[in-house]
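Using the sequences plus the hints, can you model the full thing?
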Amino acid sequence: MTDTLHRPAGAPGEQPATGTRRVDLDVSGMTCASCVARVEKKLRREGATEAAVNLALERATVVVDADGPTDEQLVAAVEKGGYGARVRDDAAQLAPGVDPGADSAARADAEQHDALRRTLVSAAFSVPIVVLSMIPPLQFPGWQWVVLVLATPVVVYCAWPFHRAAAINLRHGGTTMDTLVSLGVSAAYLWSLWALLFGGAGMIGMRMDFSLTPALAGGHHEVYFESAAVVTTLILLGRWAQARAVHRSAEALRALIDLGAKDATILDLDPDGRTVERTVPIGQVRVGDVFVVRPGEKIATDGVVVAGSSAVDRSMLTGESMPEEVTVGDDVAGATVNADGRLEVRATHVGADTQLAHIARLVEHAQTSKAPVQRLVDRISSVFVPIVIVLAILTLVGWLVTGHGAEQAFTAAVAVLIIACPCALGLATPTAIMVGTGRGAELGVLIRSAEALEATREVRTIVLDKTGTLTTGTMAVESVTVLDDARRAEVLALAAAVERGSEHPIARAVLDAAEADDAAAGRLRALTATETTAQAGAGVRAQVDDGAAVRAVEVRRADETDALPRRLADAVAAAGRTGSTVCTVLVDGVVSGVIALGDTVRPETPAALDALRALGIRPVLATGDSPAAARAVAAELGIEEVHARVTPEDKLHLVETLQREGTGQVAMAGDGINDTAALARADLGIAMGSGTDAAMASGDIVASDGSIASVPTAIRLARATLRTIRWNLFWAFVYNVIAIPLAMLGLLGPLVAGAAMAFSSVFVVSNSLRLRRFR
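If you read the sequence shown in our numbering, its first letter stands for residue 73, the second for the next number, and so on.
Fair warning: there could be bad hints in the mix.
[To be verified] Per label pair, the in silico range of CB-to-CB distance: (1) A686 x E603: 54 to 60 Å; (2) L242 x D403: 37 to 43 Å; (3) E603 x K334: 33 to 39 Å.
Because the hints were derived from the structure by calculation, they are not lab data. No experiment lies behind these values; they were computed from the predicted model shown. Glycine included, C-beta positions come from ideal geometry on N, C-alpha and C.
Set out below in C-alpha cells:
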C-alpha cells in the first residue's frame with residue numbers, strides 16, 4: 073500500500089512556472105467546439121505559451137511569458153476572432169458578498185430563456201405548417217401562402233441565432249454546425265419562396281406534387297417550408313437543453329462561497345472602554361479583529377484561537393466525521409463549525425485569502441483546465457459543411473452544362489442541401505442524453521453532460537474518498553469492552569447518561585448505541601446526570617444518580633494503555649490498529665470499560681468495488697483520515713493503493729499525477745467539500761448525492777441516492793448512452809453518404825430528401841429509446 077503523495081508542479085490554482093504569468097479571461101459568444109479552437113488559435117498567435125478554453129464556463133486560462141503580450145492585447149486577439157472577452161479578477165470574484173460567476177450565470181440564464189422562447193414560437197408555427205404541407209386533403213385553396221406567412225417568422229426570428237453565428241463564422245473563415253443549420257433552413261425557405269413567386273407554386277388551388285424525381289420530371293414547383301420550420305424547431309430544442317447545462321456552470325463556486333458565515337460577532341470597545349459584542353456582515357471583518365464563535369455557529373473566517381476551547385467540526389475541509397479539539401493558540405478555518413465550547417478568535421485571513429476561497433480557486437481552475445471534449449459532430453462539420461456546399465454547386469453546374477433547364481438544375485441542387493440538413497445530427501446527442509439521463513434518474517444516477525459520457529469510455533482508475541463514500545460517514549460504536557461482561561449494559565448506560573445533551577459526534581454515537589441496546593436503554597431511562605463539565609481533549613464528567621446512589625462518571629479519550637488492565641489495554645491497542653477512536657469510562661475514578669468508535673463500511677461497498685473492477689477500473693483510496701484507519705478500510709475492501717492524511721489540494725494533485733501516468737482516464741468519487749476540486753479536475757467526477765451541494769455541483773455524474781453502488785451503475789449507463797450516441801451519429805452521416813449522390817443524380821427530389829431526413833430522425837429517436845430498457 074502507498075501512503076505517500078507526490079505533488080506535481082504547475083497544478084491548477086498554483087502559480088505558473090517562473091518567468092511566466094497566468095491570465096484568466098471571460099469569453100462570450102462561443103457556441104461550439106469550433107469556436108473554442110478558434111479562440112485558442114487566436115491566443116496562441118498573439119504569443120500565449122498555453123491557452124485552454126472551457127466552452128461551458130465561457131472562460132479561457134492563458135499562460136504567457138512575463139515579457140509577453142499584455143492583458144489588453146490578449147483581449148483584443150479574442151475580439152478579433154469575433155468574440156467578447158474581458159480579464160477576470162479572481163480576488164474580486166471570491167471576495168465576501170460577491171456571487172462568483174454571476175455574470176456568466178446571468179448570460180447563461182438569458183440564453184436559456186431566449187432559446188426557450190424561440191423554441192416555443194417555432195413549435196407553435198411549425199405544427200400547422202407540417203399539417204398543411206403533408207396532408208393533401210387539408211390543402212385548401214391558397215394554403216401555400218398561409219404556410220409562407222407561418223414559416224417566415226420561424227426562419228427569420230426563431231432561426232436568427234443560427235444565421236448570426238454562421239455570418240460571424242463566415243466572416244472569420246470558419247464553418248460550424250450553425251453554418252449547416254442556417255444554410256439548410258435558408259435553402260429550403262428561399263427555394264420555396266422562389267417557387268411561389270416565379271415557379272408556379274403560388275397558383276391558387278395548387279396541391280403538393282409528390283413526384284419522387286422532380287428534377288428528372290422537369291420540376292413540379294414544390295415548396296418545402298415544413299423542412300425549414302421543423303429543422304429550426306428541433307435544433308432550437310437542442311440549443312435550449314445546452315443553455316440549461318451551461319447555467320449550472322457556476323453552481324459549484326456559488327455553493328462553496330455559500331458555505332461561509334454571513335455575519336460575525338466582533339468584540340469591540342464602547343466609548344466607556346468596555347468590551348461589547350457587535351454583529352457585522354462578514355465583508356466588514358478585517359485582519360486582527362477578534363470575533364466570538366458560540367456552540368453550533370460557523371467560524372466567520374480563518375484565524376487563531378485567543379480564548380476558550382472546543383471541538384471544531386472540520387468535515388467541510390477534511391471530509392472526516394471526527395471533530396478536532398482546539399484551544400488557545402490553535403488555528404481554525406472559516407466556515408468550519410464550532411461543536412460545543414465558546415471561542416474567541418483573532419482573524420488572520422479574510423475574503424479571498426481564506427482556505428475556503430483557496431478551495432474555490434482550486435475548483436475554478438480545475439474546471440477551466442478540463443479541456444472540452446471535441447464533439448464528433450463539430451469535428452466532422454468543419455469538413456462536411458464546405459463539402460456539401462461544393463457538391464450542391466457542382467450539381468447545379470452539372471445539370472446546366474448537360475442541357476437541362478434552370479428549374480431542374482436548381483431542384484437537384486436544393487435536394488442536395490436539404491438531404492444534408494442536420495436534423496438527425498441535431499437529435500443524435502440530445503435524444504440519447506435525454507433518454508439516458510431519464511433512465512439514470514430512475515436508477516438514482518444524474519448524468520450532467522455529453523463530456524461525462526465521453527469520459528467514461530476510457531476510465532481505468534477511480535479515486536475514492538473514504539468517509540461518506542465507502543463508509544457511512546458517521547461515528548458509530550464498534551465495541552464495548554468491560555472487565556466484567558455482566559456490567560456491559562451498565563457501563564454503556566452510564567457513559568450515555570454523561571454524554572446525553574451534547575452535540576459532539578462521539579456523544580451522539582454513544583447515546584445511539586445505548587438506546588439501540590435493550591438492556592442499556594432500560595438502565596439509561598433511570599439515570600440522571602448533573603454537574604456535567606467538559607474539557608477540550610479531556611472528555612466529559614458528571615454526577616450520575618440512579619435513585620439509589622450518586623456516582624462520579626467520566627468519559628474521556630484513551631491516550632495511553634499502561635495503567636489499564638490487560639483486557640482493556642488489548643482492546644485499546646486493537647482499536648488503534650484500525651484507526652478507531654477509543655474512550656475510557658471511569659466510575660468513581662476506576663476504569664470500568666472502553667468504548668471503540670469509528671466509521672463503518674457501507675454494506676453495499678464490497679459489491680460495488682467488485683463491479684468497478686469488472687469494468688476494468690482500478691480503485692484508489694484517498695482520505696483525510698489517519699493512515700491506520702485508511703489502511704484498515706483498504707485491507708477490508710481489497711484496495712491496494714492508499715493515500716492518507718490528504719488535504720483537498722493533495723487530492724487534486726493525486727488526480728493530476730494519475731492522469732499523467734497515461735494508463736487511461738481518471739475518475740473521482742466523493743461527497744465532501746474537500747473533494748470538490750478533485751471532482752472538477754478528474755476526467756470524470758462522480759459526486760455522492762448525500763454529500764455537500766458544492767461537491768454535487770462539481771460532479772459530472774451525481775449518484776443522487778448517495779450509494780456507492782450507483783457508481784458502477786452510472787458508468788455502465790453512461791457507456792451505454794455513449795454507444796447509442798455514436799450509432800446515432802454514424803447513421804446520421806451514413807445516410808448522407810448514400811443519399812447525397814442520389815440527389816445529385818436527380819433520383820431524389822427535395823420532398824423525398826425531406827422524407828429521408830425525417831426517417832433518419834425517427835431512426836435516431838427510436839435507437840435512443842432503447843436506453844429505457846437499461847438494467
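Quick rundown of the hints versus the structure:
1. At about 58 Å, the CB distance of A686 to E603 agrees with the hint of 54 to 60 Å.
2. Checking the proposed 37 to 43 Å range against L242 and D403 shows it is violated: the Cβ atoms sit about 58 Å from each other.
3. For E603 and K334, the Cβ-Cβ distance of about 37 Å falls inside the hinted range of 33 to 39 Å, so the restraint holds.
In terms of the numbered hints stated before, the structure departs from hint 2 and from no other.
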